[in-house]
Amino acid sequence: MGTDTGAHGTGRGEPQGRALTGHDWPTTEAEAVAVQERVRAAADTMGPGPAPEEVRTVAGVDVAYADDGTLVAAAVVLETAGLTVVEESVHAGRAQFPYVPGLLAFRELPSVMAALDGLAHRPDVLVCDGYGIAHPRRAGLAVHLGVLTGIPCYGVAKTPFLFDYEQPGFDRGATSPLTIDGEQVGCALRTQDGVKPVFVSVGSGIGLPHATALTLRLAPAYRQPETTRRADRLGRARLASLT
DNA sequence: GCGACAG
DNA sequence: ATCTTGTCGC
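Letter by letter, the first sequence follows residues 1 to 243 of the working numbering.
Treat the hints with care, since some could be wrong.
[Unchecked claim] Label pairs and their calculated CB-CB ranges:
1) 29 to 241: 28 to 36 Å
2) 171 to 209: 14 to 22 Å
3) 161 to 47: 24 to 32 Å
4) 118 to 171: 22 to 30 Å
5) 84 to 236: 15 to 23 Å
6) 181 to 30: 17 to 25 Å
7) 120 to 182: 27 to 35 Å
8) 233 to 54: 26 to 34 Å
9) 98 to 236: 36 to 44 Å
Hints in this document: simulated from the structure, not taken from any laboratory. For glycine and all other residues, C-beta sits at the position ideal for the given N, C-alpha and C.
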């Protein structure tokens, strides 16, 4: 199976992990915002990226929190066909950054990167919980993750906050654009008939059409994609077992 | 039981 | 994000 672990890119965007996770990891909001400007500039948000048929494995990423500041990042690699689990990785740590709206990435990234480093398999795509470019500085968690890892990455969020959208049609597969100040930053996607839509936005290395189509494949039965559901479950379980 | 939806 | 109670419904 997979061999290299997260240190090298696969052609498209070179990973910028060292530059952003090393000594210059931000400690203040101002520094974090400055990092986001750079991350945004480094992101590849246009490319078609891999089509769903070309995506053999997808990793879902999620973070679970405890009261005391402990957090557990979980990564679950699924085979796209059949949605079977290929590999799992968790990493327990402490929040290194306070929760600040718009800066969630800095809270979750260190542990998420550690969890991804724990994978022997290098997934073709990453799906994370939260925003990509549907973000004030077009630099949500999915953008950071895509740039840092060099793996095509996008976000699927549950709640619409800072963008406008029309309700998509009732049927599974219906979409409608998400816009911020008239600029399209993603789409609302109905993953099951009649359930609340999820909000897909690109991170880096994959375009919105492919991200949307892949999300639909990853969500055959529930509102959220299986990647997120599995990662969420794994993270919670690990957190609970931490006692 | 598990998920959607309260709110 | 987390915790909790409760109702409806497959």
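query: Taking each numbered hint in turn, which are not upheld by the structure, reported in ascending numerical order?
result: 4, 7, 9
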